[in-house]
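Residue numbers (the working numbering), protein chains in the order written: chain A, 433 to 1025; chain B, 858 to 975; chain C, 5 to 327; chain D, 1392 to 1492; chain E, 10 to 129.
Be aware that a few hints might be false.
[Said to hold, decoys possible] Per label pair, the in silico range of CB-to-CB distance:
| no. | chain 1 | residue 1 | chain 2 | residue 2 | range |
| --- | --- | --- | --- | --- | --- |
| 1 | C | 136 | A | 462 | 26 to 36 Å |
| 2 | B | 872 | A | 649 | 37 to 47 Å |
| 3 | A | 467 | C | 120 | 51 to 61 Å |
| 4 | D | 1412 | C | 6 | 41 to 51 Å |
| 5 | C | 175 | A | 462 | 15 to 25 Å |
| 6 | A | 467 | C | 136 | 36 to 46 Å |
| 7 | C | 285 | D | 1416 | 15 to 25 Å |
| 8 | C | 272 | A | 434 | 53 to 63 Å |
The set of hints was computed from the structure by calculation and includes no laboratory data. For every residue, glycine included, the Cβ atom is placed at its ideal position computed from N, Cα and C.
This is what each chain is made of:
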Amino acid sequence: MLAALFADLMDLGGLLLVIPLMLPVVGLLLALLVRGRTLGRFALALLLLGLAAAAVIAAAVATGDQALHYQLGGWAPPLGVALKADGLSAVMLLTTAVVLLGVGIYAQRGFQVPAGLPETRRSLAFWTLLCGIWGGINTVFLGQDLFTLFVALELLTFSAVPLVALDGRSETLAAALRYLLFALLGSVLYLLGAVLFYGTYGTLDIALLADLIAGADTLPPAVPVAAALMTVGLLAKTTLFPLHLWLPPAHAGAPPAASAVLSALVVKGSFFLILRIWFDLMPALLTLTAAQVLGALGAAAILFGNLVALRQTRLKLLIAYSTLAQIGYLFLIFPLAAGSSSVALTAGALQVVAHACAKAAMFMAAGLIAASLGHDQIRELRGSGRTLPLTVLAFGLGGLSLIGLPPSGGYLVKTLISAAAVDTGQWWLYLVVQAGGLLTAAYLFFVLSQAVPGPRQPTPPHERPRLAQQLIVLALALCALLLGLLPLSAVDLLEIGRPAAADSGAVSALLADAWTLDKLWASLWPVLIVAALVLAVRYRQQRKPPRPEGTSATLSPGRALDQLDHLLRQWPVAGLLLLVLVAALVQTMLVGG
Amino acid sequence: MRLALDLFTIVAVTLGAIFFLAGTVGLLRFPDTLTRLHALTKADNLGLGLVVLGLLPQATAPLGWIGLIAVWLLALLSGATVGQLLAEAVRPPEWDQTRTPDAPPVGHPNAPEASSHD
Amino acid sequence: MTSALVVDAALVLLVLGLALWITAARAAYGAAVGFVAYGLLLTLVWVRLAAVDVAMTEAALGSGLTGLLLLGAAARLAPYEADEHRRRPGTVLRVLVGVLCAAIAAGLAAVVLLLPDPAPSQALAVAAHLPATGLGNPVTGVLMAYRAVDTLLESVVLVPALIGVWSLSTEMGWGGRPGFLTPCRSGSALPLLARVLPPFGILVGIHLVWAGADDPGGKFQGAAVLAAMWILVMVAGLREPPPVSDRLMRFLLVVGPLCFIGIGAAGIRLAGAFLAYPEAYAKPLILAIEAGLTISVTAVLGLLLAGPPVPEPQYQRQSRRRS
Amino acid sequence: MTTFLLGAAAFILGTVTLGLVRILRGPGNADRMLAAQLLGTGGVAALLLLGVATGVGAVSEVGLLLALLAAFGSVAFVTGGGRSSDASAADTRGAARSEPE
Amino acid sequence: MSGTTLFGLCAAALVGLGLYGLICQPGALRKILAFNLIGSGVFLLFGVIAQRGGGVLALAGTGADGDPVPQALVITGLVVAFAATAIAVTLLVRLAETSARGTLEGDEPPAPESSDARRT
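So that you can see chain A by itself, here it is in the shape it has in the complex:
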């Protein structure tokens, strides 16, 4: 019977895409009417349905071997609005559904309505806004119209910002306001770009625009300007270094379940649109200089984010800065697209998936640890490994994916990027990837070396986490870790719906020797050395009275780094850098094109 139902669903074809679009929206609206303890369960049921829908769509895309299309209201673009799910969208939908389901299970406890109350502020806000984020991001993945995507981005932002301020402390309020204003600046720049596209071509549909742009003999001046404005606007929402002014306080200040969603999913929505712009809308316009500007920012993000993460004393801030670094990997793919766009796109998509699972797990693990200890100071984590073995294990496993150790998804990403970098002769990318992995290893092992040893806590924990919470965190971490073991055909799903590239098979060629012993060992031994170094440093620190200023033995460079980070996160400085980026991108496209 299930099989029959499944077959019926597959027959729906493009109509299936309406489900991920509307399910969260209906949930958001109905959640306002649901009272009492039902609210959390209602949301959970919805998330389960959503996961099923995402799975069906992925199956339909995979079995049909082509993208699903749907014209809303029966009106064809340019007049109407179209939806499309190619392999990339299907994978993103599925990832979103999995991560959100994990968060939904985790948050059952923290955002439960206490018995006897109709609702509480936190519970209503969290569950409705979670649905809002879900609806926004699904629309981003499916929409084919630049303006519909704008509304979807706003839905995402409006739902994400209040989650940051949910605790109501003044520093989270300030973080939320910064986030909102900077994100609004980003959306308005994006909208300006879309307006210029309409003024030039008279349509907002991505596919139609792509044909018009590709077919034009000379590029109208509006196109590079619009592309630069849209890209930078989206960068501000994705918080690529140096536009990261709001990310650390916002992601670290939100409740753990919200941090997980913000870090794992929300920043990826705007990144997905950058992919759509540069790979679908105007692939020809991605000049090497423009791509290298983006790649250089990504590289800087990896090094800077990881180094600053190493300086953090609070666990959640460390994870937030690690997000900053991991976003950098997403942008390394642009310079590689010159060699093979399918390799670049596969690496980007894998990084999105791997980081989403790993980071959600790590933020929620940090939340459990903080709830149990009553704080999240890294230097005082002693004994949490005994109290919360599963949670600390999940944290570590998630970290392994961030480092890029086999068999994690991160390992595939790093293999792809490194190999493609060597192929295209961009050695600096290779070096950055390796260095980023080692820096990640350093702070991960530092945290673990604080958390694992030590006796069971003498004092009873502040709050005993539920087993279900610990298990779901572990499950998400395992998703990230075992992602690399998926068969290559799963990676092929990403290619569906893309124009058949001349380099098809490039991905499998690069991944083919990823599992040789040589490669595995080559990825492992530097990490082991870092681990040994961290342990040695820690041992030495234990012998001497600990110096309070943190992890780094090199004091003054570290302070300088903090100063630099502080400077970059000043509003006017970030604004100036944003303008510089717009100007630079226009420049590269005008000159390079």
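With the hints as your guide, set chains B, C, D and E onto chain A.
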């Protein structure tokens, strides 16, 4: 007939425009807020009224007329209320007219830290 | 038509002058007053651009309600404004930003001058398919038929925005009444206005929704007017804002979008696509959706201005102090 | 006729522009509000003139909207605390102490 | 130079002015105002594009009301911008009430502050 109506329009609209000018001059030249308020409410209501009157012959009957007159009536109503509201707001208790320009703002009665002391 | 150009030039100068004032004014309140005037001028500009529907939206929402919001905020924030100027970025930074902003504006201006001629447009396609929707106003046709999904998502976006505003209350305040619009100390004029104006306003609002199918107007313009009237009544102390936990209010908030989705889903069966209307019933269905959306958007706009809820004792205290 | 109406609209806009000097100069927020109010009425007048002159339909409804909402700026002014900076010199209520110069 | 072009140039200037205000004005309310300026500039540009797009209608002899698609999108955009302003304003008022400040500049302690505090 057309000519007469057009002439009427020209005269009425010109008069209305002059009233706007008068109102502006009053707003700029009168010494304090209350007298400025006086100049403003008189001038702009009459100005708008004359403009509306002048436009009537040019509008399509009867819907256009209703619309124009409704605009004027509403403007009259809100103009009267605004005058009243602003007058209440700026009237100093002792009719003190030597206000310091751009005095620093003070606590809003609604702000939580302004404990009720009146 | 040079005289028209003179009017346009005067408008542009006024708009730019006010924009300068809004950017450069010393105190936020003065800037907010400038913004109210600025919105009014933009309304004129929209009329000059032959976009009457947009002009109405700008008048009601862009100038009216936004102005109310900003003026209220400026008043509340005045006590904290004192040392803002010292936090201005340094001269070098400001000059750099200024130069880059000017460059971006110049680049945009160049792009505007170089826009293709004849301009690409969907106007003919919109007009050609309009009879199928039963509507006479092409803008409403775009909003309710061709790009119905944008309108749907937009009406949905308002809900998280409202929840965002509500979530900024304290835990204690939850379930109470919104606290931004406590009744003002009552002279005689305000309650009078709040008694006389709303009948007109409600008439105009409903007229805009109703006429919007064929003439300029529509649910957003109408809803903004209705919300403004509701706010006036609340500010004058004639009605209290409803508590956020009020069930009827919750229902009104979501009825419009839900109705939209429901009719859209029925379209799968009846017209072959989500958000499509069977041609015979297109107009009544669209009017039904518009009616639902008007209710919901009015409620959301009013409540967005009414602010986060406060505990009942605080609400009563505020009201007493101000009356 | 069209030229005359457009000219009248430009003239009224010009005069209320002069009135904007009040927004710049103040001194109080009430004076700024007055200028905005004048601009409102003048704007409605100019709008009606423009509408009739250029034959754009439904302009009187836009004017109706503007006239309907014209009072809201002042309502916000009275209900918010905008008045406080005007009346502050005289209005020395204990709680609302003004900062020393 | 037609009036429509004039409005287009005005829109470009508004975007530039708003960007400057958003970046350089320290007060958060001023930033919100500046955001609204940029937004109105973008919408105005869209309106100019709509008006230019009406040219085909004039040629076809069905009036010259402009391209309705951008006009409809501007209406949507205005509503979204209002919602954004409402959240921003409420957040700001709440921030000012809890921490007695109305600005975002220099408000955050540098990252290592906590460890510095412990050292002294």
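We went through each hint and held it up to the structure:
1. C:136 with A:462: 26 to 36 Å: Check passed, 32 Å falls within 26 to 36 Å.
2. B:872 with A:649: 37 to 47 Å: Hint violated: Cβ distance 60 Å, outside 37 to 47 Å.
3. A:467 with C:120: 51 to 61 Å: Once the Cβ atoms are compared, 56 Å apart, the range 51 to 61 Å for residue 120 of chain C and residue 467 of chain A holds.
4. D:1412 with C:6: 41 to 51 Å: violated (27 Å)
5. C:175 with A:462: 15 to 25 Å: Check passed, 24 Å falls within 15 to 25 Å.
6. A:467 with C:136: 36 to 46 Å: holds (42 Å)
7. C:285 with D:1416: 15 to 25 Å: violated (59 Å)
8. C:272 with A:434: 53 to 63 Å: The hinted range 53 to 63 Å is violated for residue 272 of chain C and residue 434 of chain A, with Cβ atoms some 23 Å apart.
In this structure, the hints that do not hold are numbers 2, 4, 7 and 8, in rising order.
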